[in-house]
Amino acid sequence: MIDGGSRERALEELTSAVERTRPRLIDRWETAALIESLGYTDTRIRREFGFADTAALGAHVFDTLGGRPVTAASPAPASTPPDRRPLLELANSIGASLVYALPWLITFIAERVQPDAMRLPGGAGPPLSLALMLSLIVSGGFIQAISRRGQFYIGFRQPGLAALVTGYLLRLGAMVAVAAAAAGLFIGWYFKLFAWPYLVLWADEFLLLCALWMTCGVLAIREEYWRVPLAFAVGGLCFVAVHAGGGDALLAQMIGAAAAAAAAAIQVPRVFVHTSFEEQPSMVPLPRMTVLLYRTLPFFWYGTLYFCFLFADRFAASASVSALTGAPFGLRPQYKLGMDLALLGFLFASAAVEYGNIRFTDHLRRAMREPFERDGAFARRVIRIHLRVLGLVIGWFIPISAVIGALARRLLPGQPQTVWTTLAIGDVGYLLLAVGLANALALFSLNRPWSAVRALTAGLAVNVAVGYVLSHMVSPYFAAAGLVAGAFVLALQSAVAVRRTIRHAGDHAVSSAV
Amino acid sequence: MILDLLLGSWIAVIAALAFAVVPALAMSRPADGTGRWPDMLGAPVWTILAVIILVPPLARLHLFNWVTAMMAPLASAGCLWLCRYRGALSRAFRALSRHSTLRILMWMDHARSAPRMAFPARFAGSAVSALVAVAFLFWMTARDLRFSSPADYDVLAHTNVLLAGGQAVFDPAASVAAVVSRLAAVDPMQALRFLKPLTVPGSVAAFGFEVSSLNAALGWTALIAAGLLSLAALGGVHRRGGWHALAACAIAMLSFSAANRAAARADGSAGRGGYVEYDAAARQALRIAREFADRPWTIVAPPEQRVEVADPHRFMALADFVRRFGDRAGDRRFRFALPGRDLFVFVERNPLSVDPGAALTPVHYSSTDAGYAQYRMPNARARLEALARDLCERYRRTHARTSVYYEDANIRIYRFQTLATQR
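Quick note, the sequences are listed as chains A and B, same order. First residue of the first sequence: 1, per our numbering; consecutive thereafter. First residue of the second sequence: 1, per our numbering; consecutive thereafter.
No lab work stands behind these hints: they were computed from the structure. Misleading hints may appear alongside valid ones.
Said to hold, decoys possible - A partial selection of chain A residues facing chain B, derived with a Cβ cut-off under 8 Å:
| id | residue |
| --- | --- |
| 1 | F191 |
| 2 | Y294 |
| 3 | L297 |
| 4 | A323 |
| 5 | L324 |
| 6 | M473 |
Stated by the list, open to error - Chain A residues, not near chain B, derived (Cβ > 10 Å throughout):
| id | residue |
| --- | --- |
| 7 | R7 |
| 8 | D63 |
| 9 | G184 |
| 10 | P269 |
| 11 | Q334 |
| 12 | N357 |
| 13 | R380 |
| 14 | L390 |
| 15 | Q417 |
Bear in mind that the values here come from a model prediction, so they are computed numbers and not experimental data. Cβ coordinates follow ideal geometry from the N, Cα and C atoms, glycine included.
Let's have the full structure, built from the sequences with the hints guiding it.
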């Protein structure tokens with residue numbers, strides 16, 4: 001039994017803990033939930049405080065705290081994490097974007113400087129391009145799911161659980177990739193899309209790249225950004241070595257991809273090593289996988305739709321070349337060059353999207369700690385934060401695209417005007433896509449993941465419909481119009497969804513979302 | 001024959017899946033608990049109507065490929081779904097997605113522990129019975145690859161145009177055949193050949209009215225379906241019956257209008273049907289197209305083979321061939337000035353006697369040939385075939401690398417290799 005004095009003290013400590021966690025409580029149910037999250041069960045509450053259950057204690061604490069004045073500028077409690085330093089976050093975001101932008105830039109430069117070194121023999125180009133795009137589409141959803149779930153458990157200092165869950169998702173992703181490869185082989189053979197040797201080559205490259213992307217997704221869980229470039233560097237070295245040894249670009253590419261996948265796989269166990277701050281593995285029951293999968297579905301669809309959106313114009317342009325001229329599936333060189341340059345700008349500028357999301361979350365969290373002055377003030381503040389993030393994204397994207405465009409014009413003289421027109425249209429499309437992605441990430445932060453998925457789906461539908469129809473009706477170059485139209489729909493619908501969430505969901509709902 | 005049967009079964013399965021099974025599954029059970037059969041009949045009706053309407057514009061815009069061919073049969077189901085949930089689309093879509101997702105996830109959860117289900121013996125019996133019925137149907141109606149009506153060669157030509165893209169041709173049977181050809185990955189002629197057994201009720205009626213073409217058969221089949229669906233609507237069996245009947249009437253109207261376009265230009269004896277080529281000629285034309293797909297070749301034959309090989313640049317009319325090269329074939333220095341490494345000349349040993357009804361049927365596919373009439377008149381055809389045979393024999397005696405590619409009692413196909421381009 002606990003005596004009355006101890007019980008009073010314990011209750012006071014609990015009330016203070018609740019107050020520190022949430023200075024402004026919404027209702028008694030939220031208070032009860034907070035008490036439960038602090039580790040109090042009904043049995044413990046009955047034993048230590050004499051209340052019937054958490055609901056009764058929640059009501060008591062809420063009534064107690066409701067009578068206390070809320071200080072307008074209460075200092076940040078010690079238990080909440082301090083705001084991260086903006087410069088460090090900016091550097092991290094740039095590092096994260098360089099992971100993908102730098103290899104793309106290096107490949108692009110190599111293609112221009114040494115075109116023969118990158119030229120694939122025979123008709124291997126189209127199937128390998130398809131393998132690259134389809135591997136990102138198929139594994140994109142799993143990369144997102146692995147990354148989100150892994151970070152969730154690592155955040156809880158449970159690397160063992162993170163390893164279990166990501167392992168399950170990896171196995172599931174591998175099964176889906178194998179099934180997709182089998183389906184692709186069947187479709188390619190059945191509809192006579194490619195000859196058998198190229199189909200086998202496609203399947204090889206597809207599976208290899210799926211393994212590489214998903215393993216890279218695991219490496220990104222701890223935000224140790226050097227791991228992925230290390231794997232790519234090993235792959236690049238192998239590519240150069242094989243090529244220098246007399247191997248052709250195809251062999252070098254396959255061995256390079258395999259080496260990168262191996263280098264990534266070797267690092268995976270290190271990601272889940274228990275640091276001194278983390279709990280040692282314990283016999284924690286695994287979450288039910290059906291529930292886990294259902295919870296990760298929005299992230300899965302987001303990843304898949306994102307890559308579908310990114311490559312939709314290239315699919316449409318390649319298919320239209322094939323339909324209009326009877327030539328093999330592939331892009332017109334001018335279109336490819338223009339869109340590659342635009343994509344390069346987008347990859348470099350994606351750091352702003354990442355950084356903008358971090359700032360949005362940080363500002364939102366900071367705003368939550370302060371008491372609401374009057375109805376709607378919090379919502380207006382969140383809207384201002386959101387607008388600032390969008391301004392950051394646009395203000396970052398435009399100079400980078402302009403620099404890349406100017407450099408390309410200087411370094412690639414003699415290119416036809418269609419290249420620069422395609423680049424300009426692509427830049428507009430990717431700018432709108434960046435805005436849409438910033439909005440989508442804001443929706444994820446506001447706990448509205450399905451709104452982000454819905455906006456991305458609508459944008460993709462418009463992208464495919466407009467790009468596919470116009471590229472077949474007019475010219476393959478009009479596939480870029482699909483990108484612009486789809487990105488516009490994405491940006492608009494996601495912006496409306498963010499606004500609606502902030503305005504209609506109410507201050508309390510928004511503040512409890514993060 | 002076994003290969004024909006397998007091919008026919010494959011096409012029947014694909015056609016059934018695309019036009020009946022998948023649309024019927026997409027069309028959910030009516031909420032009022034009325035009978036299901038009007039929907040089972042209505043699903044293919046709506047699907048065929050959607051295909052007839054969608055395929056020509058898709059082909060015109062170069063958008064008709066295997067992806068859109070797979071989506072076209074689902075268009076009607078999609079439209080019906082949009083119609084049914086108008087005003088609450090978002091909620092209905094959310095419910096559908098959630099339901100489907102949960103079903104997949106729960107299936108994944110239970111798949112590992114679920115006991116293996118045995119295939120019921122009665123299903124095996126039903127499957128065997130269905131296969132026997134299909135085989136019997138094909139044996140009765142599709143033994144020959146060649147068409148029994150000259151108008152069907154027009155449909156084949158239209159199917160080829162739709163598959164090639166860039167032009168819109170409004171021909172209901174051709175639209176359906178183009179979709180089946182794409183989905184089953186078979187030659188359009190095979191798709192058309194096996195569509196005929198699938199329109200048997202209409203074929204019988206069309207034969208009775210002496211209009212023997214696939215479009216007429218499709219129209220009559222749709223009309224019979226419209227009658228049945230009207231009965232269902234009048235008898236209150238099904239609340240959607242009226243709409244289904246309306247769709248069937250639309251198909252009938254479009255099909256009859258396509259069938260009558262040709263008949264309107266003919267006198268009363270036209271349209272009865274009849275063969276205009278030997279079956280072996282059609283089979284060998286397709287065989288050449290398949291076996292020599294990776295090298296250039298040219299076929300010299302009557303105009304039916306032009307639509308069978310799809311690419312008109314690989315075809316030369318027999319009459320033109322005789323007229324251009326007849327007097328020089330025996331010269332050792334002579335070479336055929338035709339594109340391609342292989343030249344296949346189709347010559348009839350026993351000239352085909354075309355039925356008067358078929359001969360008088362006006363067809364579009366051969367109207368561009370100046371000497372079209374001589375293929376339909378027995379004496380002129382016999383004379384042309386004799387001249388062609390003589391030409392080939394003279395060439396064969398004086399040149400190397402010549403052979404007979406195929407021969408039976410009725411036709412002989414000469415193969416002349418390594419053709420020079422000089423005249």
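#### Entry: Hint check, failures only
none
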